[in-house]
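Asker: Quick mapping for you: the protein sequence lines, in order, are chains Y and E.
Residues in the first sequence are numbered from 1 upward in steps of one, following the working numbering.
Residues in the second sequence are numbered from 1 upward in steps of one, following the working numbering.
These aren't lab readings, by the way, just hints derived from the structure by calculation.
Every residue gets a Cβ at the ideal spot worked out from N, C-alpha and C, and that includes glycine.
Take the hints with a grain of salt, since some may be wrong.
With the Cβ distance kept under 10 angstroms, some of the chain E side facing chain Y (calculated, not the full set) [as the list claims (entries may be wrong)]:
hint : residue
1    : 55
2    : 132
3    : 134
4    : 135
5    : 146
6    : 201
7    : 228
The primary structure of each chain is shown beneath.
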Amino acid sequence: MSNPIIALDNITVTFQQKKRAITAVNNVSIHVERGDVYGIVGYSGAGKSTLVRVINLLQEPTSGSVVVNGETFFQADDTSSKKVRIATNDLRTRRRKIGMIFQHFNLLNERTVTENVAFALQHSKLTDKQRKEKVKELLELVDLSDRAEQYPSQLSGGQKQRVAIARALANDPEILISDEATSALDPKTTNQILALLKKLNQELGLTIVLITHEMQAVKEIANKVAVMQDGEIIERGTLLEIFAKPTAQLTKEFIETATNIDKAITTISAQPLIQNLHDDDLFVRLSYVGDTTDEPLIAGLFRDFQVTANILYGNVEVLQNTPVGSLLVILSGVPDKIKAATSTLADHHVEIEVLKGGK
Amino acid sequence: MSKWFSDTFPNVVYQGWTGDTGWWTSIVQTLYMTFWSAIFGGILGLIFGIGLIITRPNGIAPNKILFSVFDKVVSVFRAVPFIILLAFIAPLTKIIVGTQIGTTAALVPLALGVFPFYARQVQVALSEVDSGIVEAAQAVGASFWDIVFGVYIREGRSELIRVSTVTLISLIGLTAMAGAIGAGGLGNMAIAYGYNRFATDTTLVATFLVLIFVLVVQLVGDYLAKRTNHK
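In isolation and in its complexed conformation, chain Y is listed as follows (with noise of 0.2 angstroms):
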């Protein structure tokens, strides 16, 4: 825990425009650890592709510091004019060891499969032999073999992808920073290029700074979480806090377009059941994460209170091995028992969201 292997801290980036300061980044620390997968999700424009280059200093702050690995990379206060900044030569060999995927690839047009890997091996200590060895097994490893001499333009977004994933790693990076790397693929690629990031975290080890604005992919993946909004985190915590209690509106939007659980709750609340809803009923939304799936709650509510429930929509996400559930239920019985029946859910760390009833 005490030794991060990126820690930025108090990072504000400010561009000037004409004669107005806009504030992309305000005052945010970051710590990712070694082996996390840490997701950063927000809208565009909410200062997350800013925050990121961050690391590698290809956007340098206007204050703020950046240890990477227990290095300085950078670090300026607001009030003194004191400034540490590490050497151009050896900023250059520590970014061999960051590789950087992007949105639009951004692989070089006029240079084959093989020739856009080797270029980020054009300052290793490697052999000519050693080099194209190398790049041999890049290719192997994300599954591009069979195109090692085609142009870029003769390839899909998936295979292009994974081309600046094979570049990205040439140098053995410790670390790995996604820029919206799946945005511009369709729903199966993203999933194959999330498995694949996946497989690198966990076979070599690799820490991964994922940025998007999808939670669908953080889901997938990520083991940590923060939330940008207008240049601020605004909520922070493991995959499994984030998702089970979300407490910022922007999180709660993004958890439910992830669940599709929005969607259902529109769907039943318009159905003819919930319109006309008994006056003694509620229609309640269950959250729950991990063991207390395993108990059979809703029928101990039949045998402890008489208390029915109805189950019109479930489900049931595995994050991080452990289940996190949404119920929407309709609970009937005397008003009282529904009571007693809805504490001793919440006594066994059920959250309970009224939607409808219970007036």
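Assemble the complex: chain Y is given as a structure, and chain E must be docked to it using the hints.
Answerer: Quick look at chain E alone, frame taken from chain Y:
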């Protein structure tokens, strides 16, 4: 055939093949002027064009002062009409090549006349290289020169060939004016021995030969540009 030719183009035959005013001499002069001023003007244009790209505000080595210098020099030289430039820089020509007249003397104004045009063309060609590709190169630790040669020039290669073709063709046009300072060439042949002497046949043949030059340059340029494009 030979009789028909000398009857139809009497003045063309009169000019002869070799000798100071011969056809072969003119062809060589035009090729000589085009070739060397393309080399010197080309190098100068590339330096200024690349300079404009890398020192621009979002370039890989932003530098307001250098950018402004490149920009102003290019703009000023582009603004001077070539025929005036020919006369105007005569003293400079004398310093550089030792004479103010003749084919070699024409190289100085030709190179200076073509380089700002080429610099702008290079600037446009290279600004089409996606900044994302440059960023990706920086992210893998590429050096300044890696990016200049390995990204900008390599990625812009096809476009550079295309603009070089355009420039070369306009340079052939400029060599025609160099006759004004006694540089000879096909342009001079068309004006001095053709137009001025009412020898329409000479003008016609000289024009036709220039046209062939232009056509060859265009065809070779198009072919190379197409071959080097993998976008």
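Asker: Find the hints from earlier in the document that the structure breaks and name them by number, from lowest to highest.
Answerer: Numbers 1 and 6 - these are the hints that the structure violates, sorted from lowest upward.
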